[in-house]
Amino acid sequence: MIQKNAHLPNIDRWRQWKEFGLLEAKQSLIESYLPLVEYVSNRLSVGLPKNVSKDDLSSYGIMGLIDAIEKFDYKRGLQFETYASWRIRGAIIDGLRQGDWVPRSVREKSKKIEEAYQKLEQQYLRSVTDSEISAYLQVSEAEFQQMVQEIAVTTVCSIDDPIREEDSETRLSLLVDEKAKNPEYKVNEFYLKETLSKAIERLTEKERTVVSLFYYEELSLSEIAEVMNLSPSRISQLHSKAILRLRGSLGRFKTQLFQES
158 MIQKNAHLPN
168 IDRWRQWKEF
178 GLLEAKQSLI
188 ESYLPLVEYV
198 SNRLSVGLPK
208 NVSKDDLSSY
218 GIMGLIDAIE
228 KFDYKRGLQF
238 ETYASWRIRG
248 AIIDGLRQGD
258 WVPRSVREKS
268 KKIEEAYQKL
278 EQQYLRSVTD
288 SEISAYLQVS
298 EAEFQQMVQE
308 IAVTTVCSID
318 DPIREEDSET
328 RLSLLVDEKA
338 KNPEYKVNEF
348 YLKETLSKAI
358 ERLTEKERTV
368 VSLFYYEELS
378 LSEIAEVMNL
388 SPSRISQLHS
398 KAILRLRGSL
408 GRFKTQLFQE
418 S
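Just so you know, the sequence shown maps onto residues 158 to 418 in the working numbering.
Calculated directly from the structure, the hints in this document are not laboratory data.
One or more of the hints may lead you astray.
Simulated crosslink set (BS3-like; lysine-lysine; CA at most 30 Å straight-line) [unchecked claim]: (1) 269 / 183; (2) 183 / 211; (3) 363 / 268; (4) 355 / 268; (5) 232 / 175; (6) 183 / 232; (7) 211 / 268; (8) 355 / 276; (9) 228 / 183; (10) 266 / 211; (11) 363 / 276; (12) 228 / 211; (13) 355 / 269; (14) 355 / 266; (15) 266 / 276.
Distance ranges between label pairs, derived from CB positions [said to hold, decoys possible]: (16) 238 / 292: 41 to 51 Å; (17) 390 / 280: 29 to 39 Å; (18) 289 / 230: 43 to 53 Å; (19) 178 / 287: 20 to 30 Å.
Quantities reported herein were computed from a predicted structural model and do not represent experimental measurements.
Ideal placement from N, C-alpha and C gives every residue a C-beta, glycine not left out.
My request is simple: use the sequences and hints to build the entire structure.
Following this line, the structure appears as structure tokens:
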């Protein structure tokens, strides 16, 4: 029966699954969208510790894909790939968090640097330098660079996380998506766009380039390293600093922007 469904257009398989509950159609949909799991897990695997296996990432991702297929409303005319991608990503991240793969000390360092960027850039109204951050944290620049390298694995895709569980939109997508939004979200999204735009303006030129190539052009960090003629570890550092700056800028608007309606 799966073989029979495999040639059907996706809309027909969605109809068979959603309206008639045919498990063969659901299985066929899962199989047809499995490449999404591989794509998302490969991107999330960049910079992760070696003890995190790709098989584990794929397993978490498949659970996210199944969840997406069960909850997706095909009649709304939305793109399933976008919806499923963040569901898959979320399932992988949840699985990693449950496994406690990032030491608490690394999370604490990430939080301290994020708060430092938030406070200093709010104070100076510009992009702060590594030396200014180091002085604020009372560490040497070499120690600061080491801290950034240690927390690099915690920042991958954080700007790709959805704003709310019910939404398929991410923080970054709001900068480029010109489609009309629901009226109740327009004010919050306007301020979010303004905040993100200003935060991105404060990134250094190299940080902006990394963010653009990773999130807009969807290159891997190793591919970005080749384009920019820098080492992968340097690209990882630039990515981490960019995300920490952006999260710091968004942090003070969190209550205003992300409160439940």
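Tested hints:
1. 269 / 183: violated (45 Å)
2. 183 / 211: Judged against 30 Å, a Cα distance of about 25 Å means the pair holds.
3. 363 / 268: With a Cα-Cα distance of about 23 Å, the restraint between residue 363 and residue 268 holds, given a limit of 30 Å.
4. 355 / 268: holds (21 Å)
5. 232 / 175: Answer holds: residue 232 to residue 175 is near 10 Å, not above 30 Å.
6. 183 / 232: At roughly 16 Å apart (the allowed maximum being 30 Å), residue 232 and residue 183 satisfy the hint.
7. 211 / 268: Holds, at roughly 27 Å.
8. 355 / 276: holds (15 Å)
9. 228 / 183: holds (12 Å)
10. 266 / 211: holds (26 Å)
11. 363 / 276: Distance ~22 Å between residue 363 and residue 276 Cα, so the pair holds.
12. 228 / 211: holds (25 Å)
13. 355 / 269: Roughly 22 Å separates the two Cα atoms, so the pair holds.
14. 355 / 266: Roughly 25 Å between the alpha carbons, so the hint for residue 355 and residue 266 holds.
15. 266 / 276: Within the cut-off at roughly 15 Å; holds.
16. 238 / 292: 41 to 51 Å: About 45 Å separates the Cβ atoms of residue 238 and residue 292, which means 41 to 51 Å holds.
17. 390 / 280: 29 to 39 Å: Check passed, 30 Å falls within 29 to 39 Å.
18. 289 / 230: 43 to 53 Å: holds (48 Å)
19. 178 / 287: 20 to 30 Å: violated (57 Å)
Hints 1 and 19 from the list above are not met by this structure, while the remaining hints are.
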